[in-house]
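Undergrad: Sequence:
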Amino acid sequence: MMMSKLLGQMKKTLSHTLFCIGFLMRVARVSLFLITMLTLVLPATAQHPLILSGEASYYGVSTNGTVTASGEPLNDDASTAAHRTLPFGTKVKVTNVRNGRSEVVRITDRGPFEQGRIIDVTKGVAEKLGFLHKGVASVKIEVISEK
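For the sequence shown, the working numbering begins at 10 and goes up steadily by one.
Simulated from the structure, these hints should not be mistaken for lab results.
For clarity, every value in this text was computed on a predicted model and none was experimentally measured.
Treat the hints loosely; a few may be bogus.
What the hints assert, rightly or not - The calculated EDC-like cross-link candidates involving lysine to aspartate or glutamate, where the alpha carbons are at most 16 Å apart (straight line), are:
id, residue 1, residue 2
1, K137, E123
2, K137, D118
3, K20, E64
4, K100, D118
5, K132, E151
6, K102, E112
7, K143, E81
8, K137, E81
9, K149, E64
10, K14, E64
11, K20, D85
12, K132, E112
All chains, please: the whole structure from these sequences, using the hints.
TA: As structure tokens, then:
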């Protein structure tokens with residue numbers, strides 16, 4: 010009698026344990042699904058570090074009107090820049106780490122294609138940041154917003 014009672018208790022405990030394990034597995038699957046969905050819906054900013062450091066250079070044309078990769082005309086005086094991967098329209102704050110000057114620019118082109126550089130700005134922005142004559146500067150870029 011005692012043995013059958015003990016077996017009955019063990020079956021109930023085992024049944025309850027299996028139920029709990031099943032429930033936890035369902036919760037884990039739902040959590041994994043939600044995490045996966047959130048990574049797909051988060052804005053592209055989350056895919057890029059919010060702050061990058063490296064070398065900046067400038068680019069321009071002798072006659073304004075060259076077309077950028079986004080299809081916009083390049084204007085030496087515009088607050089625009091080129092970045093390899095940030096979406097067009099993304100606004101970033103570029104800060105010259107040597108003198109602390111900063112400028113907000115909009116990504117309209119692809120580049121730079123020189124190894125070690127993280128952003129190309131227009132001549133006008135390079136002048137505002139204080140590195141037009143030097144040609145390159147150590148900068149920090151901070152993603153502010155995306156298109």
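Undergrad: Quick one: which hint numbers does this structure break? Sort them smallest to largest.
TA: 1, 2, 3, 5, 7, 8, 10, 11
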